[in-house]
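The whole structure should be built from the sequences, with the hints applied where relevant.
In the order they appear, the protein sequences are chains A and B. In terms of our numbering, the first sequence is residues 1 to 312. In terms of our numbering, the second sequence is residues 1001 to 1315.
Just so you know, the hints here were simulated from the structure itself, not pulled from any lab data. Any given hint might turn out to be false.
[Said to hold, decoys possible] Only pairs whose alpha carbons sit at most 20 Å apart, straight line, appear in this in silico SDA-like list of lysine to any residue:
#	chain 1	residue 1	chain 2	residue 2
1	B	1118	A	74
2	A	299	B	1118
3	A	14	B	1126
4	A	136	B	1036
5	B	1118	B	1221
6	B	1118	A	26
7	B	1120	A	9
8	B	1118	B	1212
9	A	52	B	1161
10	A	140	B	1025
11	B	1221	A	11
12	B	1307	B	1231
13	A	14	B	1127
14	A	14	B	1206
15	A	222	A	204
16	A	222	A	208
17	A	136	B	1027
18	A	52	B	1231
19	B	1120	A	11
20	A	299	B	1126
Values in this document were obtained by computation on a predicted structure and should not be read as measured data.
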Amino acid sequence: MSKWSPTEPSNLQKWLAGSLVVIYALVTLLPLLWIISTGFKTPADSIAYPPKILFNPSLEGYVNLFTTQTRQTEEYLANNPPTNWYEQLVHDKGMVIAGPSRYGERFFNSIIIGFGSTFLSVFLGTLAAYAFSRFKVPLKDDLLFFILSTRMMPPIAVAIPIFLMFRSLGLSDTHAGMILLYTAVNLSLAVWLLKGFIDEIPLEYEEAALIDGYTRLQAFFKVVLPQATTGIASTAIFCLIFAWNEYAFAVLLTSGSAQTAPPFIPTIIGVGGQDWPAVAAGATLFLLPVMVFTILLRKHLLRGITFGAVRK
Amino acid sequence: MEISPLEKAAVATPKRFRRSIQRLSDRAVAWIFVGPTILLLLAVNIFPLVWTIRLSFTNYRANRPNADVKFIGLRNYERILTDSDIWQTMQATAHFLCWTIILQVAIGFALAWLINRKFKGSGLWTTIIVLPMMLSPAVVGNFWTFLYQPQIGLFNYLISFLSGVDPSSFTMIGEVNLAPWAIVIVDTWMWTPFVMLICLAGLRSIPDYIYEAAECDRASKWRQFWTITLPMVLPFLMLAVLFRGIENFKMFDLVVLLTGGGPGSTTELTSINLKREAFEKWRTGYASAYAVILFVTIFGLASIYVKALNKVKDR
Chain A
1 MSKWSPTEPS
11 NLQKWLAGSL
21 VVIYALVTLL
31 PLLWIISTGF
41 KTPADSIAYP
51 PKILFNPSLE
61 GYVNLFTTQT
71 RQTEEYLANN
81 PPTNWYEQLV
91 HDKGMVIAGP
101 SRYGERFFNS
111 IIIGFGSTFL
121 SVFLGTLAAY
131 AFSRFKVPLK
141 DDLLFFILST
151 RMMPPIAVAI
161 PIFLMFRSLG
171 LSDTHAGMIL
181 LYTAVNLSLA
191 VWLLKGFIDE
201 IPLEYEEAAL
211 IDGYTRLQAF
221 FKVVLPQATT
231 GIASTAIFCL
241 IFAWNEYAFA
251 VLLTSGSAQT
261 APPFIPTIIG
271 VGGQDWPAVA
281 AGATLFLLPV
291 MVFTILLRKH
301 LLRGITFGAV
311 RK
Chain B
1001 MEISPLEKAA
1011 VATPKRFRRS
1021 IQRLSDRAVA
1031 WIFVGPTILL
1041 LLAVNIFPLV
1051 WTIRLSFTNY
1061 RANRPNADVK
1071 FIGLRNYERI
1081 LTDSDIWQTM
1091 QATAHFLCWT
1101 IILQVAIGFA
1111 LAWLINRKFK
1121 GSGLWTTIIV
1131 LPMMLSPAVV
1141 GNFWTFLYQP
1151 QIGLFNYLIS
1161 FLSGVDPSSF
1171 TMIGEVNLAP
1181 WAIVIVDTWM
1191 WTPFVMLICL
1201 AGLRSIPDYI
1211 YEAAECDRAS
1221 KWRQFWTITL
1231 PMVLPFLMLA
1241 VLFRGIENFK
1251 MFDLVVLLTG
1261 GGPGSTTELT
1271 SINLKREAFE
1281 KWRTGYASAY
1291 AVILFVTIFG
1301 LASIYVKALN
1311 KVKDR
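What follows is the structure, encoded as structure tokens:
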């Protein structure tokens, strides 16, 4: 009893299209699955030939990721028996745990800088977007284009003077410096996206509120903001993902105390060659939150990646 | 009644100011709202840009802050534009740009067209396909060096499995003729979904009735594709190319972690080359001139392109 329509694809077409897309999706997913599975391999399994699909899962990669280890004499090992599972794991290799690695610290830096800059850019972005959306700002189009054009500069080109500026202001390798920098980079995205979202809120609500005796600020806080929550939330996630993934500024402007995870993960090196399970473990922990956010955000994805240029 | 943060601030301030905050004119609100954003962007973007332009006329070196800084006019620009190494870098960038765009547009459009057949579960698979795009290029690029290992790497293994070539006989990121393709492959893997999403939006924007009318006129499917689908998706496709073009012209993180510009300088894209001049050789003045040239190039090409895009859109 289905309604025939000339534009509806036939079942065969659908089936064919579906299987091609599924094949592509599985191939494209392979590197990601490989990262996750390598994290649970032992170093020997990770470099086996042919590559192992089935293996005995091990947490060695994760233990190596979070600890630094030193080799010890057999006598020392015999006198200091392991007290828990991860010490046991290290013990079996003839090593002892010397202390925590830097990964936790770097991950924490990523969180501070990510959330700090997201909060600031969404805060400033919402105010600017509201003004651009509702008021006659002089040179509005030029200002909006200027804001967008800041995103066109190659980060390395901007990094030269910022490096000098941060050096003379004492901001290099500090959380505050990185938060400020990422806020500035994310502002273009925040303003453009939020302007789109606020443009979609009908003017009538505010006008009604203004007639009821609200001031402009009351109308903004009590009428516009509550309606823009979805837009603000998805903008925030986009800003967070950008700050989370950023590498070029991070590698040039931070080295120690404020270094984020992306420049750190490639430097994880084990004993004798790169310790791939540890790298994969670090990558998995770092990438998983973004994968979850991507799935949550799928409805607004297109809008976010095109700065609001394409809306469904 | 609940009060807003700004009004709380108003309550905490003396009476005279309280009234003035509550009764701000729209014009004042506009300036207060836009001001901080513009100020921050001036401080973190425009001020540095002006500084870069100034430095580009000097022989300043950031690792010798106390040395004499001399104005040398346009000599930096002259040296860059006549340097054959830089032209080689530009060629590597052009190769990377052209091939990533061609592949991403072809695969991305094909995928969008297939997904638009509206089969069961298309939403779920679209979300899966999109995942690589959102991940950290640095972390993913670093891991691809593992996939590209001869013998033990998954990529080499799959290629040998499919074609019978010995998996230890080639190194994607170590050979002069393969490395430029190694970076194209990873970038295509990562960013095809971006083109796909935009194309999908384009395809979905075409109303059904146009096809129904074409069907009544007995236009063949082939003809419908060339006269309806493609022209209507074109503005979207061009927008996708603009974004990918700008992004890949700036490309740094993915490639620097995959190949580091090597072997030799076969994959040394402009950003990597610039980083080397500025932060390894510390020729700050020279690198500033280089940065200005890159920025002018991107900006110039982008504005010409946007004009063309607007023409297509208005047609």
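These are the hints, each one checked on the structure:
| no. | hint | verdict |
| --- | --- | --- |
| 1 | B:1118 / A:74 | 65 Å, violated |
| 2 | A:299 / B:1118 | 17 Å, holds |
| 3 | A:14 / B:1126 | 15 Å, holds |
| 4 | A:136 / B:1036 | 17 Å, holds |
| 5 | B:1118 / B:1221 | 17 Å, holds |
| 6 | B:1118 / A:26 | 19 Å, holds |
| 7 | B:1120 / A:9 | 12 Å, holds |
| 8 | B:1118 / B:1212 | 17 Å, holds |
| 9 | A:52 / B:1161 | 14 Å, holds |
| 10 | A:140 / B:1025 | 18 Å, holds |
| 11 | B:1221 / A:11 | 17 Å, holds |
| 12 | B:1307 / B:1231 | 17 Å, holds |
| 13 | A:14 / B:1127 | 18 Å, holds |
| 14 | A:14 / B:1206 | 19 Å, holds |
| 15 | A:222 / A:204 | 14 Å, holds |
| 16 | A:222 / A:208 | 12 Å, holds |
| 17 | A:136 / B:1027 | 8 Å, holds |
| 18 | A:52 / B:1231 | 47 Å, violated |
| 19 | B:1120 / A:11 | 10 Å, holds |
| 20 | A:299 / B:1126 | 11 Å, holds |
The earlier numbered hints that this structure contradicts are 1, 18.
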